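Each protein sequence line maps, in turn, to chains B and S. First residue of the first sequence? That's 9 in our numbering, and the numbers climb one at a time after it. First residue of the second sequence? That's 9 in our numbering, and the numbers climb one at a time after it.
Source of the hints: derived by calculation from the structure; they are not laboratory data. Keep in mind the model is a prediction, meaning the values are calculated, not measured. Any given hint could be a false lead.
Same chains, same names: a pair is fine if it fits in one copy or spans any two.
[As the list claims (entries may be wrong)] Taking lysine to aspartate or glutamate pairs in the DMTMM-like style, the calculated list, with each CA pair at most 20 Å apart, reads:
(1) Lys167 x Glu133
(2) Lys167 x Glu127
(3) Lys167 x Glu194
(4) Lys167 x Glu196
(5) Lys34 x Glu75
(6) Lys34 x Asp144
(7) Lys34 x Glu131
This is what each chain is made of:
2 protein chains.
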Amino acid sequence: MTTTTSEQIRNGVDTAQLFGTLDAIKADPSLATFRFRARNRWVDGAHNRTTIQDFYAAGGEDISRAEPFVLDAGEPPILLGTNQGPNPAEYLLHALAACLTTSLVYVAAARGVHLSEVESTLEGEMDVQGALGLSDDYRNGFERIRVGFRVRGDAPEEKLREIVARAQRRSAVFDMVTNGVPVEVEVES
Amino acid sequence: MTTTTSEQIRNGVDTAQLFGTLDAIKADPSLATFRFRARNRWVDGAHNRTTIQDFYAAGGEDISRAEPFVLDAGEPPILLGTNQGPNPAEYLLHALAACLTTSLVYVAAARGVHLSEVESTLEGEMDVQGALGLSDDYRNGFERIRVGFRVRGDAPEEKLREIVARAQRRSAVFDMVTNGVPVEVEVES
């Protein structure tokens, strides 16, 4: 029989399921392979659209999503678009914010800390002479990203800071954005 | 007087504006500083929400967006969520797809190539023993990302491939994802 106690659900995370998942993967590490996917199609100008639905996890294709997620990307007029959506660099900031936040919430749940508020503000600065091909003195992307967190919960400030630090050490997107990932691009002929 | 010819708009990109922007930045490189931002707020469990609106560009705050873009992130049930949105790693794939595509479309416009179709499929593979803290043998993020492009236009295949290669060399998100970016995290006390 499955019972759910109020202590089991912490920060909206089912900690029994969390520890059960960890145990299942410890028992069979082959379950740990995940493959996430995105399909993008150009619409017009700076406007393109990604659909996200299927992924591979725990030994099989996941079918939990009845409908795909649809994401529109665009550019503001100063970058020759019409604000058809956030621009790609802004989506990267969102991916980073979301991953750090979820990692933080899960770490807090596992450690018995109830959070009441988590907010973050991110800013990335770039000199577009790089991406526009005008100067080799500047990289194409952000020179740096600054993240400010505001975290409230039923733990001392020091513990909350430790949880934020742990979230950084475990976040998939923080790892990718800070350390980089090999990317292979193929063109279908 | 501003006139627009059919040749001026190529792939939905106003090439006169494109070259005008390049000339303006060449004349005053201080216009090239851009700062993009995202604000994220935890909702519950794996669910958090980012708003994106203002940014700094060309010497001032941009006010072209009357309303913010709102993005929801979540996790599938196997990662303890309820599919409240794409997950953060999927958003990173989308950011990469969108940036490569826009770069490709702009490069083609600048070079006089009319595109008829641009599609891409991305897949990133990870072993979640890393992010779950179960093993130090695996990184937290994707081990690699594979991108497949299908590009059609009024240029020979070799030229289209060259445009894809140029897009990689100029894409802001491709740079960040492949090379990494310094990220500073501060916690407000």
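Now for the hints, and whether the structure bears them out:
1. Lys167 x Glu133: neither (31 Å within a copy, 32 Å between copies)
2. Lys167 x Glu127: Within. Shortest intra-copy distance 17 Å satisfies the 20 Å Cα cut-off; inter-copy 46 Å does not.
3. Lys167 x Glu194: between (46 Å within a copy, 15 Å between copies)
4. Lys167 x Glu196: Between. Shortest inter-copy distance 13 Å satisfies the 20 Å Cα cut-off; intra-copy 51 Å does not.
5. Lys34 x Glu75: The answer is neither: 32 Å in one copy and 46 Å across copies each exceed 20 Å.
6. Lys34 x Asp144: between (47 Å within a copy, 13 Å between copies)
7. Lys34 x Glu131: So Lys34 and Glu131 fail the 20 Å test inside a copy (38 Å) and across (25 Å) alike.
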